[in-house]
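*Asks:* Make a model of the complete structure from these sequences and hints.
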Amino acid sequence: MAGSTFYHQIAVNRRNSFLLAAFVVFVLALLGFAIGFAVFGGPEAGLATTAGAIGLGTLVGIGTYFGGDSLVLSVSGAHQVDESTAPQLLNVVREMSIAANLPMPKVYLIDDTAPNAFATGRDPDHASIAVTTGLLQKLDREELQGVIGHELSHVRNLDIRFALMVAVMVGVIAILADFFLRFTFWGGGRSRSRSGSGSGGGAQIVIFVIAIALAILAPIISRLIQMAVSRQREYLADASSVELTRNPHGLERALAKISGDKEVLEVANRGTQHLYFTNPIKKFEQRSSSLMSTHPAIIDRINRLRELTGDPPLSPSDAASLVGLE
Amino acid sequence: MDLTLIIIIVIAIVLVVVVVGIYNGLVQRRLRVDEAFSQIEVQLKRRHDLIPNLVNAVKGYMGFEQKVLTDVTNARAAAVAAGSQGPAQQAAAENALTGTLRSLFAVVENYPELKANENVLSLQEQLTTTENQISFSRQHYNATVRDYNTSIATFPNLLLAGPFGFTKREFFDAEPEAANVPNVDLSLS
Chain A
1 MAGSTFYHQI
11 AVNRRNSFLL
21 AAFVVFVLAL
31 LGFAIGFAVF
41 GGPEAGLATT
51 AGAIGLGTLV
61 GIGTYFGGDS
71 LVLSVSGAHQ
81 VDESTAPQLL
91 NVVREMSIAA
101 NLPMPKVYLI
111 DDTAPNAFAT
121 GRDPDHASIA
131 VTTGLLQKLD
141 REELQGVIGH
151 ELSHVRNLDI
161 RFALMVAVMV
171 GVIAILADFF
181 LRFTFWGGGR
191 SRSRSGSGSG
201 GGAQIVIFVI
211 AIALAILAPI
221 ISRLIQMAVS
231 RQREYLADAS
241 SVELTRNPHG
251 LERALAKISG
261 DKEVLEVANR
271 GTQHLYFTNP
281 IKKFEQRSSS
291 LMSTHPAIID
301 RINRLRELTG
311 DPPLSPSDAA
321 SLVGLE
Chain B
1001 MDLTLIIIIV
1011 IAIVLVVVVV
1021 GIYNGLVQRR
1031 LRVDEAFSQI
1041 EVQLKRRHDL
1051 IPNLVNAVKG
1061 YMGFEQKVLT
1071 DVTNARAAAV
1081 AAGSQGPAQQ
1091 AAAENALTGT
1101 LRSLFAVVEN
1111 YPELKANENV
1121 LSLQEQLTTT
1131 ENQISFSRQH
1141 YNATVRDYNT
1151 SIATFPNLLL
1161 AGPFGFTKRE
1171 FFDAEPEAAN
1181 VPNVDLSLS
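Chains as they are written, first to last, in my numbering: chain A, 1 to 326; chain B, 1001 to 1189.
Source of the hints: derived by calculation from the structure; they are not laboratory data. A hint or two may mislead.
Listed next, the in silico DSBU-like pairs over lysine-lysine satisfying Cα-Cα at most 30 Å (straight line) [claimed, not checked]:
1. B:K1115 <-> A:K257
2. B:K1045 <-> B:K1115
3. A:K262 <-> A:K138
4. A:K138 <-> B:K1115
5. A:K262 <-> A:K106
6. A:K106 <-> A:K138
7. A:K106 <-> B:K1045
8. B:K1059 <-> B:K1045
9. A:K138 <-> A:K257
Between beta-carbon pairs, the in silico distance windows are [stated by the list, open to error]:
10. A:A11 <-> B:I1006: 40 to 46 Å
11. A:K262 <-> B:S1084: 54 to 60 Å
12. B:A1088 <-> A:G310: 29 to 35 Å
13. A:Y235 <-> B:K1045: 37 to 43 Å
14. B:Q1085 <-> A:A22: 54 to 60 Å
15. A:D111 <-> B:Q1085: 45 to 51 Å
So, partial list: chain B residues that the calculated Cβ filter (under 7 Å) puts toward chain A [claimed, not checked]:
16. E1125
17. T1129
18. N1132
19. Q1133
20. F1136
21. S1137
22. H1140
Where is the CB? At the ideal position from N, CA and C, for every residue including glycine.
*Replies:* What follows is the structure, encoded as structure tokens:
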């Protein structure tokens, strides 16, 4: 039963990666065509910019597939560690990769006192796990096992590949839309008046409006996809972690400790926030289940773990004291 | 007559293909069992190698309970000797060793200077991770054994397993108290 869930999740992730790529190509094509048509006038120019946009998207996609993990790691200021520099961390990662029956991933450390972690890479053979120094200092061995188990579940379920593609695709669409909006603001009026004397001026204006609407909507839609998909995975990775460690209390205590921690992770940004163990950006008061959050509220995650062990959910007062909101 | 000959040949070919397929499947499953077991053996060997270092590190301390140390040393010797006696025997000897190691670490707790000793701490961490690795590898090994044993005991593999010499494998049994997870190891950290 549990096993079939993971295979199901892996299949879902393969399909979602494909659907996401298709969606992005479609949006890029639409955006490219609308921009080309609106700015340069005529469908031929539209087709040319479409080809350009898809070409750009493909290039970035391929680049992400092979180099995205190193990019994310270097943006986060992570440096690789080995047995001599972080023995216990390496030991725990090795234990959990044996439990998950996965090859040993590369292990990175981020010099930041906020406790957090993430996994990245394109598949289990090319996976990396990064944790902050704060995580190592604040968690004991069992809690660390729970967090590493969570991250390795992301590796096993291929969440890492999907998350990486999402990060970059959202970025490309945003850049293109942004570029267009700026271009329109500064240079659009001139080109429109010039081509206004020619034929098809009315159609061009309509398409111009559509292009602006697309340029505004596309980044929002793609970001909503990023949020919604990411939250479900966190619950599954928590459950998988318990299945690997056979110890729900370690992860539960880790979540409690991290949620009580008030530090913000400085190296995380909007593009990489959904990769992390817990949401690194928001202030802890705001870590709630809202539409735009990449992570479920920590209280919800703890209560789902308590369901697994048959413990009653945390009372509202316990929950409040946990996040320091008495 | 030609037709019956063709039918016979076709049936023979199909049979051969099926037999080869089943045989290869069984060989693959048995290989997985062997691989999983060699993974456990690597870690067991590592644990056996670490223990003398630990014993040396703690025995210098005045008044350190000698009985605990001899228990660990004896259990280690028994575990090494059990290495050639098959998974079930080996598991029993290793579980006994795990028990003596736990009491050793419990005693270490009473010696502040040992608890602060870098060398002892590092050995303790190495033994903890080795023990965890053994237990996770054991889960994996037992799962592959279950898969293999089921496959040679079910139809149609059953018909071929005997003649080709595929015999049941033993489980590497979990220690009794580890079976009722998860409150066991909470006291350790």
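*Asks:* Taking the hints in turn, state whether each one holds.
*Replies:* Evaluated hints:
1. B:K1115 <-> A:K257: Satisfied, since the Cα-Cα distance of roughly 25 Å is no more than 30 Å.
2. B:K1045 <-> B:K1115: Roughly 25 Å between the alpha carbons, so the hint for K1045 (chain B) and K1115 (chain B) holds.
3. A:K262 <-> A:K138: Judged against 30 Å, a Cα distance of about 13 Å means the pair holds.
4. A:K138 <-> B:K1115: Status holds; Cα separation ~20 Å.
5. A:K262 <-> A:K106: Distance ~29 Å between K262 (chain A) and K106 (chain A) Cα, so the pair holds.
6. A:K106 <-> A:K138: holds, 22 Å
7. A:K106 <-> B:K1045: Holds, at roughly 25 Å.
8. B:K1059 <-> B:K1045: Judged against 30 Å, a Cα distance of about 22 Å means the pair holds.
9. A:K138 <-> A:K257: At roughly 8 Å apart (the allowed maximum being 30 Å), K257 (chain A) and K138 (chain A) satisfy the hint.
10. A:A11 <-> B:I1006: 40 to 46 Å: Holds, since A11 (chain A) and I1006 (chain B) (Cβ atoms, about 42 Å apart) stay within the stated range.
11. A:K262 <-> B:S1084: 54 to 60 Å: holds, 57 Å
12. B:A1088 <-> A:G310: 29 to 35 Å: The hint (29 to 35 Å, Cβ to Cβ) holds, given that A1088 (chain B) and G310 (chain A) are roughly 33 Å apart.
13. A:Y235 <-> B:K1045: 37 to 43 Å: For K1045 (chain B) against Y235 (chain A), whose Cβ atoms are near 39 Å apart, the range 37 to 43 Å holds.
14. B:Q1085 <-> A:A22: 54 to 60 Å: Holds: the Cβ-Cβ distance is about 58 Å, inside 54 to 60 Å.
15. A:D111 <-> B:Q1085: 45 to 51 Å: About 50 Å separates the Cβ atoms of D111 (chain A) and Q1085 (chain B), which means 45 to 51 Å holds.
16. E1125: holds, 6 Å
17. T1129: holds, 4 Å
18. N1132: Holds - the Cβ of N1132 (chain B) comes within 7 Å of chain A, reaching about 4 Å at its closest.
19. Q1133: holds, 5 Å
20. F1136: holds, 4 Å
21. S1137: holds, 6 Å
22. H1140: Since chain A brings a Cβ to about 6 Å from H1140 (chain B), closer than 7 Å, the hint holds.
Checked against the numbered hints given earlier, the structure satisfies every one of them.
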